[in-house]
Structures are given as C-alpha cells and as structure tokens.
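Top to bottom, those sequences are chains A and B. Residue 52 in this note's numbering sits at position 52 of the first sequence, and the numbers go up by one each step. Residue 248 in this note's numbering sits at position 248 of the second sequence, and the numbers go up by one each step.
Since the hints were made in silico from the structure, they are not lab data. Zero decoy hints are in this set.
With the Cβ distance kept under 10 Å, some of the chain A side facing chain B (calculated, not the full set):
hint: 1; residue: 54
hint: 2; residue: 55
hint: 3; residue: 60
hint: 4; residue: 92
hint: 5; residue: 104
DEER-style ranges, computed between Cβ atoms:
hint: 6; chain 1: B; residue 1: 332; chain 2: A; residue 2: 84; range: 20 to 26 Å
hint: 7; chain 1: B; residue 1: 302; chain 2: A; residue 2: 149; range: 57 to 63 Å
hint: 8; chain 1: A; residue 1: 37; chain 2: B; residue 2: 336; range: 51 to 57 Å
hint: 9; chain 1: A; residue 1: 59; chain 2: B; residue 2: 36; range: 28 to 34 Å
hint: 10; chain 1: B; residue 1: 158; chain 2: A; residue 2: 58; range: 26 to 32 Å
C-beta: ideal position from N, C-alpha, C; glycine also.
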Amino acid sequence: MGRTLQLMAVALMAAPTLHYAAEPARTFAAVVHQSNPTHNLRFADLLSLFEGAIREWPNGSGVVLVERDPGSAPFQYLMGRLLNTTPGEYKRRLQNIEYRGETPVSIKILNSDAAACQFVFNVPSSIAVVETGSLASPGCAGIQVLQIDGKLPGEKGYRLK
Amino acid sequence: MPTKKAGESTSTAANADASTQIGASPPGDNASRFNFHGYADAGFQRNVDGNTKKFELGEIDLFGTERLSPHWTALMELVFETDNQTLVAQVPVNVERLLLQYRGNDFFNADIGSYRTAIGYYSTAYLRGSWLQTAISRPKMFAFEDDGGFLPLHAVGVSLNGRIPSGELNLHYVVEGGSSRNYGNTAGLALNESFNRAINVAIYSQPRAIPGLEIGLSTYHDLFSPAAGFALDRSVWMLHFVYVRGRVEFLNEGMLIGLKDGYLGSGTGLGFYSQLAYRIASSWKPYARVEYLNVYGTGIESTAKARPFEPWKTVYTGGVRYELTDSIALKVELGREADYLRPIYISAAVQLAFTF
Chain A
1 MGRTLQLMAV
11 ALMAAPTLHY
21 AAEPARTFAA
31 VVHQSNPTHN
41 LRFADLLSLF
51 EGAIREWPNG
61 SGVVLVERDP
71 GSAPFQYLMG
81 RLLNTTPGEY
91 KRRLQNIEYR
101 GETPVSIKIL
111 NSDAAACQFV
121 FNVPSSIAVV
131 ETGSLASPGC
141 AGIQVLQIDG
151 KLPGEKGYRL
161 K
Chain B
1 MPTKKAGEST
11 STAANADAST
21 QIGASPPGDN
31 ASRFNFHGYA
41 DAGFQRNVDG
51 NTKKFELGEI
61 DLFGTERLSP
71 HWTALMELVF
81 ETDNQTLVAQ
91 VPVNVERLLL
101 QYRGNDFFNA
111 DIGSYRTAIG
121 YYSTAYLRGS
131 WLQTAISRPK
141 MFAFEDDGGF
151 LPLHAVGVSL
161 NGRIPSGELN
171 LHYVVEGGSS
181 RNYGNTAGLA
191 LNESFNRAIN
201 VAIYSQPRAI
211 PGLEIGLSTY
221 HDLFSPAAGF
231 ALDRSVWMLH
241 FVYVRGRVEF
251 LNEGMLIGLK
261 DGYLGSGTGL
271 GFYSQLAYRI
281 ASSWKPYARV
291 EYLNVYGTGI
301 ESTAKARPFE
311 PWKTVYTGGV
321 RYELTDSIAL
331 KVELGREADY
341 LRPIYISAAV
351 QLAFTF
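For reference, chain B alone in the conformation it holds in the complex (with noise of 0.2 Å):
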C-alpha cells in the first residue's frame, strides 16, 4: 500500500473538478468509502405541456453509495419531486432507487431492493439528475410511471448483471425478477398490490475495437393493472443503438410494447427516439432529438380507440448545452410537438442544471 507523498493529491472522485477520483486507495482493501453526488436544476419552460408559462425548480436528486466490504455495498438515490410543487409540504419524496449490491466479479453480481429496470439504455442511463443528460427534456417514451409514462422503469426485486465470456463482442447480460412500480396504484378500489412477474432480460454488446459504441436488446413482461379489475400482458421489447464518444453522443432506441386481455383485445404501441449532439469548440453542445410514437388495436381496444390515450404522435426537438464550469451546465430547448387530441404546439425552455 502505496503511503501518501508530497505531490500526491487525493481530491475525490467525481465530486472534485477535472480531475474526477473515487477511491484513492487502490481497490482490494476493506476501508469504507462513501461517495455522494447531488444533481438539481432550475428553470423557465413555455409551453412545454402545451400550455403552461412558469419558472420552475426541477428535481433534487441525491445519490451515494456506500462500500460496506469489498463485495458489497449499499446505493440509494432520494428525488425530491419539486417540478410539480405548489405548496411546499406537498414536495413528494421519491425513493428512486434502494439497492444492496453484490459485486462478485465482471460475470456475476447482484443488486437486491429497488432498482431501474434495465429496459434500453436511457433507463439507467440517464433517467433522473439533469446535468447527466445532455438535454433538457428526456425522451417522452422515458416519462414516469405516475407521469403518465407506460414505460415499467422501476420495480422491487432483484437484478442480476455481469459480463458474458464473448471475446470482441463484449456481451452483458441483466436478468431481472420482482414488481414493477404502480402496480394496481391506480385501481382506486380494489387495490390489489401482489406480485406481478416483472420479468426483465436484457443483453448488449460494447464492442471493445469501438469504444464508446454499445448495441442492445431487452424483452419485458409482466401483468399490468391499469384499473380495478384489469390485469393486462404488457410485453416491451426495446433495441438500442448507441454511441457516446468524444464529440459525438448519438443515441438510438426502439420500443414495441404490447397490451393483451382476453375480453378487451389487444393495443400495440410503436416508437422510437434519436438524439444526435456534437460538442462543437470546448464547451458548446448542440443537440437534436427526434421522437414518433404510433398505436395500433385489436377488437374492443381498437385502434381508433386507442389513439386518443396515445400521449403523443411526433416531436421534434432541438437545443444546445453550454457548459458554464466543469459543475455547471446552461441548456436551451425548443420543440415541436404533434398529438392525436391536440392542435401541433411548440415549446421552450431554459434551464441550469448542476452538480454538487
């Protein structure tokens, strides 16, 4: 063990500036190591639901982990919901993620609790802490469970991940069992939370002769109640064609999700989303996101029945991220979007997202 000289400096990890370190030590040994990181933003959006004009306090994310031995150690991630704040003892505390982690080796570990559901990429990639993501608004298909979002992104359960033996191909496995979130929540009356057989498997590949590129596809099924009574099959298969590199930050992801009762028929959903930005000089990064959505029904869920819930048919959306310090991020966004219900309607907004 390597004893600390002078020179030597042991800013930590990701909270520090440029030089980003976690773990001074080298790993191996028992000592415990806390790492904690904050995201939050704030800003002003027009029109961004299609008709409102405010300034806004977005959300206040905590994460930390904690090293409790070499093999485990513990993750939490709190949301502190303020986007939607009208009263401030009405802020909802959201236990994102609350995870027990076994890390065994590349091939094999554990997470047991909460977890992200490894359902594409931007899932676990991004979804909450705005300064993580390059633009200001996530992809539509990614909205919240209890946003409207009919994505499962959050279950209860265990999640299994690690590397597959696969040479240049560079596999990685996620199994995941548990429940999804919102399950029967919903319903009103006869709220029925039991088991619902979230079952997640994904596979994807970071090739190692590109790095930076990764392909990947995941299958989802579980039972979904969206109403007292229902149990749907909701199936979602995602494919997704990344490549995050550089200058470059080019994220491709395609989503089929199918609805099936025995009474009401079936309700397909088709959509897909990419994002291309490019950091142009050392702290400019335009970007442009374009994002489609369609339905389709069988019997009583017909297709024309169908459409009216579909949240949204297109959107177009364009932006630059203006890096103001290495904690410090400016964003400025403007979209387009295009309903089934709703006149085509255009949006904007400004927002400073940051780290701490």
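The shape of chain A in the complex, shown without the other chains (with noise of 0.2 Å):
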C-alpha cells in the first residue's frame, strides 16, 4: 500500500514535468504597422526597445511597447527570457528611467494577442511581441513581422524562441 502511494505521489511529481516536456517549442515574433519603414531590427535593439532606452523610431516618433498580460506566454517570454528581468525589476527599471527626468516609456498592456496586433494594426509606432502561432488568425492580419537579426521566424537562427 505505502509503495503504491509512494509511486502516485512520484507520478504526480512528474506529471507536470512530463506535460512541460512534451509540449513544443514555442517561438515569438514582433510585430509593427505596416506603414513602419523598420523591417530588419538588431536583437539587440530589440531589448532596448522593451527595456525603454530607445523611445523614439528613427522618423522620431515616440515608440508605444505593447505588451500582454502578466499570466501570459509572450510576457513570460519578454520577462524570463529576452529581458532576463522580473516584474518587479522592470517596474523599477522604467520608474528609473522617469526619475531621471527622461520622456517616460509608453505601455499598452493586452489581454490577448488578437488584441495586441489590433492595437499595432491602429497605432503606427508601436510594436508588440506575441507568439508566432497567433499571426495566422484575423486579428494579425495587416500588420508586418520584423526580421530579427535578418531572419523571420521559423528560419534557421531566428533568436525570438
């Protein structure tokens, strides 16, 4: 009887694990207006993008970071791997940014990726980043996918994944 448990409780343990391992690589893509004449951005200004020390396209217009709701699979993505950063961190990081009496970082926060891309699709200078998967469906359409680093996702060394 004890072994019995002892071998549900291992099961459950790794249950999750198990869950995780066979789910797919998910990958991300970021996604601006059509009319941005940006198509090919440096990975490494990608991250200053979402980290607030670029605030402005090269045609000067203030960058709007869309950005999806905490829980989400995009957030996790900007916050654990792009940014290697915290919630609470970053929160700090853009209160900095203000302290230091520099124009402070537009945010929109999004409960989906459909919305996301609508909210590109109506806002010429922001750009969001949402999962790849979620580019086939109507909400994404009309907006434009930006090459990272000359590579567009599902392309060999694509880095948003």
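Work from the hints to combine the two standalone chains into their complex.
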C-alpha cells in the first residue's frame, strides 16, 4: 500500500514536467504597423526598445510598447528570456527612466495576442511581441512581422524562441 | 487613434504592478498627463555613522511630472527629510527638483529650474528614492551638500541635453550652467549668494550593440565658498563605467576633485567606488561595494592638514535586497568603514523601501 502511494506521488510530481516536455517549443514574433519603415531589427535594438533605452523610431515618432498580461506566454518570454528580468525589476527600471527626468516609456497592456495585433494595426508607432502561432489568426492580419537580425520566424537561427 | 475595446488594460505605468504603463495613448496627442510616484523607507540602523543605534524613518520622496503640451513638461520632486527628525515640527522639506522641461527631440532638450547636476552617474540615476537603488546606503561620495558632501549635486539654472549623431556609439551630451546649492550658506556672516559660475559638461555613450552599458565623463567647475570670505575654484572630474542589464548591476565611478585658492594653496581628492549586484532566483539580489578616498594638499592646505577633513578613507559594504512584492523591497546591509580620525567601525542596517 505504501509503495503504491509512493508511486502515485512520484507520478503526480512528474506529470507537470512530462506535460511541459511534451509541449512544442514556442516561438515569438515582433510585430509593427505595416507603414513602419523598419523591416529588420537587431536583437540588441529589440532589447533596448523593450527596456526603454530606445524610445523613438528613426523617424522621430515615440515608441509605444505593447505587452501582454503578466500570466501570458509572451509576457513570460519577454521577462524571463528576452530581458532576463523580473516584473519587479522591470517596473523599477521603467520608473528609473522617468525619475531621471527622461521621457517616460509608453506601454499598453493587452490580454490577448489578437488585441495586441489590433492595437499595432491601429497605432503606427507601436511594437508588440506575440506568439508566432497567433500570426495566422484574423486579428493579426495587416501587420508587419519584423526580421530579427535578418531572420523571420521559422528560419534557421531565428532568435525569438 | 484607437478606441478602447474589451480586453484592453489601461493601468498606468510605473504605479501598477508588473505591467508598467505610462501613457495609454500614443505620444503626440495633446492630452495633459500627470504621473506621480512616491518613495519611502523605514528601517533600523546600528552604528551607521559610527555611534548610533536607532529605528529610523527614512525620507519621503514625492515625484511628479505633468505634461503641459507635447513639448513641455513640469517636473517636481519634494523630499521630506525625516531621517534626522527629532521633533515632528523639525522635518525639513526639500525642493529637490523643480523643472520646466522642453522636449524638442532626441537631440535637443532643455531643463530650466532646479536640477540635479549630471556629475557622474549616481547623481541623476538614483540619488533619492531608496526603493530605486539596490543598496540601502548610497556611495559616500554622493553625500548631500547639507550632510557633509563635497560634490555639488544640485544647482539652479539651465541644463541642455540630448543625443549626438554618432551611430553605434550612441553618444549623449549634457551642458549645464547655473548656481550650485549652498553657495555661501555656511558663511555665517557676510552671506553672499551670487552666481558662482557652476558649469558642467558631460558626455556619455550607450553603445547600441551592448544594451545596458554606459560609459561617461563629466567635468564641473564653480566658485565654492565654504566660509565667509572664501571663494575657492572647485573643479570635479568624474568618469563612470556602468552596466545594468538582466541580472547584473555593475556600477563604477571615479572622481578627481580640486579646490584651489591663491592664498591657501590647493587640495586634491581622488576617490572611486565600485558596486556589483547580481540577482539570484527571482527575488534575491546580493550586492557588494568598495569605496576609497584620499586627499593631497599643497601650500597651507597641506596633506596633513587636509586629511582630518577627509570624511572617510575606505568603506566596504555588503548586503542583500529581497523583493517582497513588485513595490516593496527588504534590504539588509553590513559595512566596514575606516577614517583618518576614528577607529575602524562596523555598521549594520535593515530597511524596508517601497514605492507607492
């Protein structure tokens, strides 16, 4: 009986791990408005944009960052992988920019990739990171997927994954 | 202009939790925007200045900006300095900054009013608002003017700043002209507050290829009057090398300060600090800092006479910052300080710092 319980406990503990391992690797895409003349972005510049170090596009228009809600995969990716930070540290960093007397970072938070795409569709100076899988949805039609270091999602060497 | 739809969140910026947002609508609109942040802290200190043991309410920092038009912003920072409070009625209120900012473009901006001098990095990056800085204590070279500090951290005048077209180097400039704080204030008699030609020029690079890296140099000059009848030529050269990104915070600043008087002679101070912090797990950030200062003198201001006025020689600080929530940090810190006139002492402090 004890042995059975032990096995059940091990199985329960392993279940989330097995589920995670079976999940296909997610890739993400940086999307901007169709009219944005930037088609290719360096990985370092993407980091600088989302860290608030770059707050203007080359044409002088202010960057609006579109981020997903904290529980979402794009947000987790943004914090954990792309920026290698935590929500708390990110908040401290953005407040620090404002505290230095610099132009504050403009951020829009949306709770679905479709809403993020729609926002980008409507606001020419915005940029969002969404899951690549969402790009096929009708909500993400009519926006531009940026090349990162010259690579599009799915190409070998693409870095947003 | 987008309309608000279901599913949109419009929490504001830096007040909110994780999802920091400043300005729900895209820039360029004419809407007035008010942003406010407050910073405060409370803690316990043992031996921090060599001989005390007390609970302490730190300082309350109220910071706000109001966008008046697409190009003009008003910025105000008020600080209630409760840290030296003995009687409630004696809490000093300090107008830390009061600025009218003109935001022309990336290349030209102007701040008019009471500003923090762009001397080095720490002066403009953290100085107040203990939640913003990783450690409990700030580097000693950035002690405030009214707290025995020798760097001119505040001035009233005009500060021009912006980017310099420089490609990958991503250079920025700051040119400031004004009157530094406390000019003549310690004179006692014959108070003479006049334009003291406080000029500061700073240049720094934030290389595009290495996000988080900043390397800069600043040179500051003014007439400094520590006592009635004295007007010393003061010059401050600062060099900084800073990397703040991801888990790492690596701050390094070097300082060369010179005070010169035709009669007294001259004094030179040479100092630096280096601070390294590294986040482990999601909430813990241990840090360590080393600080050093030495002075040399010539003429009447000989080295032997100048050294007793040197506020510290070496300081070693270590601690850890733990994020209780996105807005509250608990910090624990130990320090070891060596001065010329006092025996070496160990200090300890615990602090709860928060933003609201």
